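Asker: Starting from the known structure of chain A, fit chain B onto it as the hints suggest.
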Amino acid sequence: AQRVTQPEKLLSVFKGAPVELKCNYSYSGSPELFWYVQYSRQRLQLLLRHISRESIKGFTADLNKGETSFHLKKPFAQEEDSAMYYCALNRMDSSYKLIFGSGTRLLVRP
Amino acid sequence: DSGVTQTPKHLITATGQRVTLRCSPRSGDLSVYWYQQSLDQGLQFLIQYYNGEERAKGNILERFSAQQFPDLHSELNLSSLELGDSALYFCASSPSGVPDTQYFGPGTRLTVL
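Chains as they are written, first to last, in our numbering: chain A, 6 to 115; chain B, 104 to 216.
Isolated chain A (complex conformation):
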C-alpha cells in the first residue's frame, strides 16, 4: 500500500538555523511528490513539486528513490517559515488522489 511518513510532529529551530523536514514514502511504482504548506489560518498551498525542481522561498527537496525519501530543506530558517508542512504522493498512473503524510509543524524561534 502507498504510504507517506513524516516522522516528526514538531520541529523547532532558531532563526538562521538550517531546517530539514523528513518525508519517506512507500510506493512500488514511479511517484510524483509534493510539499504543501499551511500557514496559520490559511489554506494549503503548494510549496514544491519534485518534477519541477524549483526552489521556492529558499526551500528545496530532492527525490531519493534509493532511500524513498523526499526531505525538505532550507539552509537558513526565517520566522515566517513557521507553518504546518505536508508531504504528499501522487501515483503516476490512473489514480488521481494525493496521499498525505501526517504533517510536521515547523516552529522558527527568534
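The hints are simulated quantities; they were obtained by calculation from the structure and are not laboratory data. Note that this is a predicted model, so its numbers are computed, not measured. Cβ coordinates follow ideal geometry from the N, Cα and C atoms, glycine included. Among these hints, one or two may not hold up.
As a list, the in silico SDA-like pairs of lysine to any residue whose alpha-carbon atoms are at most 20 Å apart [to be verified]:
| no. | chain 1 | residue 1 | chain 2 | residue 2 |
| --- | --- | --- | --- | --- |
| 1 | B | K160 | B | T204 |
| 2 | B | K160 | A | Q7 |
| 3 | B | K112 | A | R48 |
| 4 | A | K27 | B | G145 |
| 5 | A | K14 | B | Q147 |
| 6 | A | K78 | A | S107 |
| 7 | B | K160 | A | Y32 |
| 8 | A | K62 | B | Y206 |
| 9 | B | K160 | A | G21 |
| 10 | B | K112 | A | R8 |
| 11 | A | K78 | A | H55 |
| 12 | A | K14 | B | L142 |
| 13 | A | K14 | B | K112 |
| 14 | B | K160 | A | R96 |
| 15 | B | K160 | A | A6 |
| 16 | B | K112 | A | K78 |
| 17 | B | K112 | A | A6 |
| 18 | A | K14 | B | D143 |
| 19 | A | K62 | B | T204 |
| 20 | A | K27 | A | R54 |
| 21 | B | K112 | A | R46 |
| 22 | A | K14 | B | G145 |
| 23 | B | K112 | A | Y44 |
| 24 | B | K112 | A | R96 |
Here are some, though not all, of the chain B residues that point toward chain A, as calculated from beta-carbon distances under 8 Å [said to hold, decoys possible]:
| no. | residue |
| --- | --- |
| 25 | F167 |
| 26 | T204 |
| 27 | P209 |
Residues from chain B that face chain A, not an exhaustive set, calculated with beta carbons under 7 Å [as the list claims (entries may be wrong)]:
| no. | residue |
| --- | --- |
| 28 | A159 |
| 29 | G161 |
| 30 | F207 |
Answerer: For chain B alone, coordinates are given in the frame of chain A:
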C-alpha cells in the same frame, strides 16, 4: 478571488442530520477533489470528479455522496451525521483529470454535536 472557494466556512449541526458543503473550483479547472482532515486520521482523500463525472474514490463513507454540476461547482453531501464526522473538509481543484498540482480551498469546518 479566482481561487478555490468553499461555503460555508463553519457548520454546526446535530447527530443524525444532513448537510451540504459547496465548492467552486478555480476558473478553468475541470477536476474537483474532496478531502477530510481530522485529528486522528490526518488528510484523507474522499472523492474526485472530472468534468461532471466521478473519476476516483477514496475513503468515502456510504453516508457521504458528492456531485459536480455543469458549471463545475461541486457539492459534498453528508447524511446521518455522527460525532466522528466532525472535521475540516477541503476541496481542491486542478486543470485536468490526470495527476496534477491541486489547489486547495480554505475548507469547511464541520462540528457535529
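Asker: Could you check if F167/B really has its C-beta closer than 8 Å to a C-beta on chain A?
Answerer: F167/B check fails; min Cβ-Cβ to chain A is 15 Å, beyond 8 Å.
Asker: Against the 20 Å threshold, does the CA-CA distance of K14/A and G145/B hold or violate the hint?
Answerer: This hinted pair holds, its Cα atoms lying about 12 Å apart.
Asker: For the pair we were handed, K160/B and A6/A, check the Cα-Cα distance against 20 Å.
Answerer: holds (16 Å)
Asker: Does K62/A pair with Y206/B here, judged by a C-alpha cut-off of 20 Å?
Answerer: holds (18 Å)
Asker: Tell me if the straight-line CA distance from K160/B to G21/A falls inside 20 Å.
Answerer: violated (43 Å)
Asker: Under the criterion that the straight-line Cα-Cα distance not exceed 20 Å, is the pair K27/A, G145/B satisfied?
Answerer: holds (17 Å)
Asker: Hinted pair, alpha-carbon criterion (20 Å max): K112/B, R48/A. Please report holds or violated.
Answerer: Given pair K112/B, R48/A holds - Cα atoms ~12 Å apart, limit 20 Å.
Asker: Please verify whether K14/A and Q147/B have alpha carbons no more than 20 Å apart.
Answerer: holds (17 Å)
Asker: Taken at face value, is the distance from the CA of R96/A to the CA of K160/B at most 20 Å?
Answerer: Holds, at about 14 Å.
Asker: Do the alpha carbons of K112/B and Y44/A lie within 20 Å of each other, as the hint requires?
Answerer: holds (17 Å)
Asker: Can we keep the A159/B interface hint, with Cβ of chain A closer than 7 Å?
Answerer: holds (5 Å)
Asker: Against the 20 Å threshold, does the CA-CA distance of K112/B and R46/A hold or violate the hint?
Answerer: holds (12 Å)
Hints 9, 10, 13, 16, 17, 24 and 25 from the list above are not met by this structure, while the remaining hints are.
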